[in-house]
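1387 is the number of the first residue of the sequence shown in my numbering; add one for each residue after it.
FYI, nobody ran anything at the bench for these hints, they're computed from the structure.
Please note: incorrect hints may appear among the correct ones.
[What the hints assert, rightly or not] Simulated pairs of lysine-lysine, DSBU-like, Cα-Cα distance not exceeding 30 Å: (1) K1773 with K1711; (2) K1801 with K1643; (3) K1711 with K1801; (4) K1830 with K1840; (5) K1476 with K1490; (6) K1498 with K1620; (7) K1773 with K1715; (8) K1845 with K1816; (9) K1840 with K1767; (10) K1494 with K1476; (11) K1604 with K1498; (12) K1865 with K1422; (13) K1865 with K1811; (14) K1651 with K1711; (15) K1830 with K1808.
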Amino acid sequence: MKLLLTMLLCTLLLSAQTEQDDITKQAIVKIYTTAKEPNYLSPWSSSMRSSTGSGAIIEGGFILTNAHVVANQAFLEVQRYGERKRYMAKVFAVSHQADLALLKVDEKAFAKGVTPLTFGTLPQVEQKIVVYGYPMGGATLSATIGVVSRVEHHTYAHSGETFLAVQVDAAVNPGNSGGPALSDGKIVGVVMQVISKSQNIGYLVPVSMVQHFIEDMKDGKYDGFAELGIGTQKLENPAMRRYYGLDDNISGKLIDKIVHSSSLKNMLQEGDILTAIDGHNIENDGTVAFRQHEYTDYNYFVDQHQMGDSVTLDIIREKKPLKIKGVLKNRADNMFLVKTTRYDTMPTYVIYGGYIFSPLTRNLIRSTSRNRLKLSCLASKWQEDEKDEVVVLLKVLASDISRGDNNFGMWAIDKINGESFKNFKEFYEKMEKIEEQYIVLEDKDGVKVIIDKKEAMEKQDALLTKYNIEYDRSEDLRK
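All chains, full assembly: derive it from the sequences and hints.
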């Protein structure tokens, strides 16, 4: 009798688990994307690309997925588990910073009978997870089981920015992107990327980042993840610590740069020692304890805030402790000389007599190996008051008026007719206003490129026709 009851209980538990698994699967969707991919080396052109990804239906009928699954999208369709019908979808909200997106389907029949997935908490190391999605190797839903290997800051491949990430050993392949990772039936992360040539090293956007994104979008406007706008240096070197008068009881990071546009500019000074953020001690290697015995980058506590929130910084200035309270107003795009990777827009460019100019973007740096070392160095620099964007001579179309200049490409311009400029907009305006016969371009080393403006304009149309280019400037400049 006892054995019979045990067997009956196990059967009931197995049946309940099977029913719960089926309810979970109903919320998993396959995403079909047709994207218009810009060509940053030929910024007037683009190509079409088709791909698939995964997503999960959450509260409100929204589909949670990765931004890179729907980046540059021109047409979207989604398909529910166990169904063959595809529904047209649209992007409701996107964070390219955090590689997250919310999709919406207008047809009410799409989400009928679906129990939306809910959110769990940031998982612990060794916690068991199940990854759902539609990866390569088949057409039906896939589920892989694994554990959380580590939780720490990692570079998000989609944006190039660094945020908290969850490493897992569950098999993750192309097509899994955007699919949910579940623990105890709740979302603890969204599949984001893998390390190629590795053995089962995949990364999730953690649930804390997802919830930050959703909270941010509640007012219908994306503000993003904040950047303090300071450069810092580790304080592990003994001589440096003695120089700044720090004993063994004090840890933190040296502030060696404050960006001119930072909201904290008038509160902090170069040479300050940043010792804590919101009361959380910063170690000499720049990490903070976010859980017992677990450390990650101190920006973890910046990322907990929404834009416009106040943040409290403990500093030491001239060997005296101070407490600073500032408001978070800036994103990385407001801070760096080269903006983060762009999506959902065509590149900006202008052509003068076959000389093609464009603002320097990370997309452009990633598109070519030409001058990459020098341009990558520029990408790591902060904006200055007099310069917040780099302009490059992208390339030169071969013609009788550009002979001898065809070897110029990905060439950073410092001056136009002897004048500096702040950004591409100002460069473009100066070029349009030049009345002299020659446009003289110069880099920081004094190397010059000279364009005869009258000759360039006379031969412009013929050159555009020859190279099958419809417009001499991008749509944003034609407006």
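Exercise for the section: Mind listing which of the numbered hints don't hold for this structure, in increasing order? Expected result: Structure breaks hints 3, 6 and 9.
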